[in-house]
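Which chain is which? The protein sequence lines are A and B, in order.
Residue 1 is where the first sequence starts when you use UniProt numbering, and the numbers rise one by one after that.
Residue 1 is where the second sequence starts when you use UniProt numbering, and the numbers rise one by one after that.
Since the hints were derived computationally from the structure, they do not count as laboratory data.
All of these numbers come straight from a predicted model, not from anything done at the bench.
Glycine included, every Cβ here is placed at the ideal spot set by N, Cα and C.
A portion of the hints provided could be inaccurate.
Stated by the list, open to error - Facing chain A, a subset of chain B residues (Cβ under 8 Å, in silico):
| no. | residue |
| --- | --- |
| 1 | Thr36 |
| 2 | Leu38 |
| 3 | Leu41 |
| 4 | Phe42 |
| 5 | Arg57 |
| 6 | Val59 |
| 7 | Asn266 |
| 8 | Gly267 |
| 9 | Gly271 |
| 10 | Glu449 |
| 11 | Leu463 |
Unchecked claim - Partner residues are not named here, just some residues of chain B that face chain A (Cβ under 7 Å, in silico):
| no. | residue |
| --- | --- |
| 12 | Leu44 |
| 13 | Ala45 |
| 14 | Pro255 |
| 15 | Phe258 |
| 16 | Ala456 |
| 17 | Met464 |
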Amino acid sequence: MSALSDQLLVVAILSYLAAMVCHAAEYAFGNRSHIGRAASRPARELVAVGFGSSAVKVDEPPADDMPAAPSGRDRAALAGRAAVVVTALAALVHLGTLVTRGIAAERMPWGNMYEFVLSVTFVGSAAWLVVLSQRPAIRHLGLFVATAMVVLLGIAGMVLYTEVAPLVPALKSTWFVVHVSAAVLSSGIFLLGFVPAAMFLIRSGYDRGKRSFPYSLGRRVPEAAALDRLTFRLHAFAFPIWTFGALIAGPIWAEAAWGRYWGWDPKEVWAFISWIVYAGYLHARATPSVKRTTATWIAVIGWLTMLMNLFGVNIFFTGLHSYGGL
Amino acid sequence: MVSVQDPPVTSPRPRRANPVLALLRNSWRQLTSMRTALILLFLLAVAAIPGSVLPQRGVNIDDVDRYFVEHPDLAPVLDRLGMFEVFASVWFSAIYLLLFTSLVGCVVPRLAEHWRAIRSAPPKAPSRLDRLPQHATIAQAIGGAEEIGAALRKRRWRVAVRGDTVSAEKGYLKETGNLLFHFALLAVIVGVGYGSSYGWHGNRLLVAGTETAFCNTLQQFDEYGLGPRVDAADLPRFCLELTDFNAEFLPTGQPSSFRATVRVDNGAPRGFSVNSPLRLDGANVYLLGHGYAPMIRYTDRYGQAQTAIAPFLTVDGMLTSEGVAAFPDANIDPKAGSARDPNAQVAFEGLYLPTAPDQPPYTRSVYPEERSPALMLWAYRGNLGLDAGIPGSVYRLDQRQVDNGRLKRVGEATLLRVGERMTLDDGSSVEFLGTREYATLSIRYDPGEKIALGGAAIGLLGLMLSLTGKRRRVFFRVTTGGSSLVEAGGLPRTDYSGFAEEFKQTVEAVERANEEGSVKR
Ligand code: HEM
Numbered sequence: 001m002s003a004l005s006d007q008l009l010v011v012a013i014l015s016y017l018a019a020m021v022c023h024a025a026e027y028a029f030g031n032r033s034h035i036g037r038a039a040s041r042p043a044r045e046l047v048a049v050g051f052g053s054s055a056v057k058v059d060e061p062p063a064d065d066m067p068a069a070p071s072g073r074d075r076a077a078l079a080g081r082a083a084v085v086v087t088a089l090a091a092l093v094h095l096g097t098l099v100t101r102g103i104a105a106e107r108m109p110w111g112n113m114y115e116f117v118l119s120v121t122f123v124g125s126a127a128w129l130v131v132l133s134q135r136p137a138i139r140h141l142g143l144f145v146a147t148a149m150v151v152l153l154g155i156a157g158m159v160l161y162t163e164v165a166p167l168v169p170a171l172k173s174t175w176f177v178v179h180v181s182a183a184v185l186s187s188g189i190f191l192l193g194f195v196p197a198a199m200f201l202i203r204s205g206y207d208r209g210k211r212s213f214p215y216s217l218g219r220r221v222p223e224a225a226a227l228d229r230l231t232f233r234l235h236a237f238a239f240p241i242w243t244f245g246a247l248i249a250g251p252i253w254a255e256a257a258w259g260r261y262w263g264w265d266p267k268e269v270w271a272f273i274s275w276i277v278y279a280g281y282l283h284a285r286a287t288p289s290v291k292r293t294t295a296t297w298i299a300v301i302g303w304l305t306m307l308m309n310l311f312g313v314n315i316f317f318t319g320l321h322s323y324g325g326l
Numbered sequence: 001m002v003s004v005q006d007p008p009v010t011s012p013r014p015r016r017a018n019p020v021l022a023l024l025r026n027s028w029r030q031l032t033s034m035r036t037a038l039i040l041l042f043l044l045a046v047a048a049i050p051g052s053v054l055p056q057r058g059v060n061i062d063d064v065d066r067y068f069v070e071h072p073d074l075a076p077v078l079d080r081l082g083m084f085e086v087f088a089s090v091w092f093s094a095i096y097l098l099l100f101t102s103l104v105g106c107v108v109p110r111l112a113e114h115w116r117a118i119r120s121a122p123p124k125a126p127s128r129l130d131r132l133p134q135h136a137t138i139a140q141a142i143g144g145a146e147e148i149g150a151a152l153r154k155r156r157w158r159v160a161v162r163g164d165t166v167s168a169e170k171g172y173l174k175e176t177g178n179l180l181f182h183f184a185l186l187a188v189i190v191g192v193g194y195g196s197s198y199g200w201h202g203n204r205l206l207v208a209g210t211e212t213a214f215c216n217t218l219q220q221f222d223e224y225g226l227g228p229r230v231d232a233a234d235l236p237r238f239c240l241e242l243t244d245f246n247a248e249f250l251p252t253g254q255p256s257s258f259r260a261t262v263r264v265d266n267g268a269p270r271g272f273s274v275n276s277p278l279r280l281d282g283a284n285v286y287l288l289g290h291g292y293a294p295m296i297r298y299t300d301r302y303g304q305a306q307t308a309i310a311p312f313l314t315v316d317g318m319l320t321s322e323g324v325a326a327f328p329d330a331n332i333d334p335k336a337g338s339a340r341d342p343n344a345q346v347a348f349e350g351l352y353l354p355t356a357p358d359q360p361p362y363t364r365s366v367y368p369e370e371r372s373p374a375l376m377l378w379a380y381r382g383n384l385g386l387d388a389g390i391p392g393s394v395y396r397l398d399q400r401q402v403d404n405g406r407l408k409r410v411g412e413a414t415l416l417r418v419g420e421r422m423t424l425d426d427g428s429s430v431e432f433l434g435t436r437e438y439a440t441l442s443i444r445y446d447p448g449e450k451i452a453l454g455g456a457a458i459g460l461l462g463l464m465l466s467l468t469g470k471r472r473r474v475f476f477r478v479t480t481g482g483s484s485l486v487e488a489g490g491l492p493r494t495d496y497s498g499f500a501e502e503f504k505q506t507v508e509a510v511e512r513a514n515e516e517g518s519v520k521r
């Protein structure tokens, strides 16, 4: 089972890689107009993000009314649709990696860093598919999602990989399961939130007339306002879950396991920093005198603290949380 | 939602206002602005970073000591800046105190404002409803303003009917939730502060057995910390005796479960484990770790036998353990009186292997359980340096005494199995009797926990209300002219993309309710 899980991981990475290629192809053939138009349709509500929602309906943008290069557009649309299908397949295989890993270990698959990253990225991927099914117009961001998946899973597989092992006694706790699942869920959505945030910054730079890389990408991404709204939705959705997982359930478990609910262990410090930074983002966005780009930069900083949480803390520091070992 | 805007820094006021007061007032305004809150939040995040990069006294004091050794020039400077106690430092406290002051200054006026908003009627309808983001007309005779108001109330809108217009508002919970969240943050900080003032903790290594039992007094802790408001006499009285310790391991040596059994005040045995502490009245006992304490009997040259139960510290996951058994009262000549002989004290340095390998070298245990226990002993004789008044570690010999030759190695290191004995050059002998298990315990009390937890739970509730809530208004105007007509308008007051849909449904509901109403009439 454990070997199967490892093989599925390789398949998942290759599938995300394939999705990446399809998205890139869409870029290459693509033509700006239909993306812009699709993005300006009224955005719908973000529904609760759930697991296993890999069934994606690919709404095509409204009918053709642009005279420009129809053959290129068709090919682009085809590549784009293929990319979504491949991403969905990749997510399924990704889920398979997790499930087989969990079966092999006879527990939830988040007992060490490797499994944790695997779970977080799966949440990111599933959340992406859910959001995409709600707003097909953002499909172009898929290139970045797929790239991030390949990189993160690659790191997980090559740097963080650990053999299947049962949990150490300190991790056998209901609160631990609650804590980790909420942390996984919110981390995944925060990670995903970075995609529209970065695209928003690129797009608004492009709108201000910047044409150098990476602003040149802005030509192909949705409208700035839509990206900003999506960024906010994702962060506003993940923030309470993070609050619950990292700052409530975590301390409840820490009290039982270590005798104190908060001890400024490096991981706790960084969970706190992330929380404060994301609170700052929500604040900034609610303050009219703060520019949206400034607010979004704060979200990007939040994302960097999230990466620090996921990888950095375990690599650079030792503390009670460095349980998985590297 | 009023104080969302930064208050204007300058405001028109009489010219001869007291400049000090004006300055104070302006500073207060600045402090309680959203912008300042943002900056303070950012500072707080940045200020926390050194707390993860540098070792912290509150987390691991040994790491701090090591840092001092490794960076003898830098460490004292950092220490003066409070870098080893970031979260208790002046600058960190200053940031969060300012932040919370700002919070109070921001939230209290908003509370008053919100209180007023809740109790006052929704505002008058604008004169032109067709200018609002949402607009509809009902070209059908439905009831008057009162009926429309009733229909809206049923859908849980707050309604004001003024003549032929109806104003309705919904979503007050958003601001309620937001205020709840910010006040709950205050509750959390109060809980944390209360806990650190009135809480205490102590650590203790507890060896199994009656004669090694522990009672909850400061003298019996290996290490402790009391909150500033706690007196040694405030500690609850109880005694603990470790009666059993059960550790299970996987074939790889990874631990799979730990369970300690204790008797509290000679009562019935009670078990507890990692993740499920022993909860006593006024104190909780947490199981942090465990190890072995070899029992070593030394029979001196006068035939006097003494037994030491010496807890050894574990050095690896296979529970290879190191420690010292000291016999300062050994070799006291019974004829010469009862004074310690400073040249004939004895100590043994030991390396304990719960499962010794089959072949030498016997330096590492190969499994954490006691499958083939063996104790390697190095004997020392001379002055142990215990009377110098310098507190030493009970797990290590005083290295200075060894270096200056007052404490000398005797013979070769010898490996003893349980029950084996070795004889030293002076005819004295040492015997390895077996081991006892020990548990390392943390005993803690934090009265602020419940306040902090309650605050956090309420805060989470408020946060969710605030983030999901949407404030919006709808207006209806009944025009009783030649043709009876109702006009409706809607205004979302926060970013709310589903408002068009809700507005449509609301108008339809009002229409339907009044149709039914007119049938009844
Ligand atoms: C202890 C530090 C603080 C934290 C962690 C914090 C956190 C948050 C968070 C997470 C939000 C967004 C969620 C929501 O809308 O309820 C928020 C909103 C808000 N905060 Fe704070 N806050 C803090 C201090 C302050 C201070 C000092 C002020 C006043 C200057 C303030 C004023 C506001 C306002 C007005 C909103 C509403 C924004 C909106 O309309 O959505 N907060 N705060």
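Verification of the hints:
1. Because the closest C-beta pair between B/Thr36 and chain A is about 11 Å apart, greater than 8 Å, the hint is violated.
2. Hint on B/Leu38 holds. Least Cβ distance to chain A is approximately 5 Å, under the 8 Å limit.
3. Against a cut-off of 8 Å between C-beta atoms, the interface hint on B/Leu41 holds, since the closest Cβ of chain A lies about 4 Å away.
4. Here the hint on B/Phe42 is kept, as its CB sits about 6 Å from the closest CB of chain A, short of 8 Å.
5. Taking 8 Å as the C-beta cut-off, the interface hint given for B/Arg57 is violated, the closest approach to chain A being about 10 Å.
6. Evaluation of the B/Val59 hint against chain A yields a held restraint, the C-beta minimum of about 6 Å falling below 8 Å.
7. Contact between B/Asn266 and chain A, as hinted, is not supported at the beta carbon level, the nearest pair being about 25 Å apart and thus beyond 8 Å.
8. The interface hint given for B/Gly267 is violated, since its Cβ lies 22 Å from the closest Cβ of chain A, which is over the 8 Å cut-off.
9. Below 8 Å, beta-carbon pairs count as interface contacts, and B/Gly271 has none with chain A, the closest being about 14 Å; its hint is therefore violated.
10. For the restraint placing B/Glu449 at the interface with chain A, the shortest Cβ-Cβ distance is roughly 6 Å, inside the 8 Å limit, so the hint holds.
11. With a least beta-carbon distance of about 5 Å to chain A, the hint placing B/Leu463 at the interface is held under the 8 Å criterion.
12. With a least beta-carbon distance of about 6 Å to chain A, the hint placing B/Leu44 at the interface is held under the 7 Å criterion.
13. Taking 7 Å as the C-beta contact cut-off toward chain A, the hint placing B/Ala45 at the interface holds, the least distance being around 4 Å.
14. Of the supplied interface hints, the one on B/Pro255 holds, with its beta-carbon coming within about 6 Å of a beta-carbon of chain A, less than 7 Å.
15. With 7 Å as the threshold, the beta carbon of B/Phe258 comes within range of chain A, its nearest partner Cβ sitting at about 5 Å, so the hint holds.
16. Hint on B/Ala456 holds. Least Cβ distance to chain A is approximately 5 Å, under the 7 Å limit.
17. A least Cβ separation of about 5 Å between B/Met464 and chain A falls short of the 7 Å threshold, and the interface hint therefore holds.
Consistency with the previously given hints fails for numbers 1, 5, 7, 8, 9, ordered from lowest to highest.
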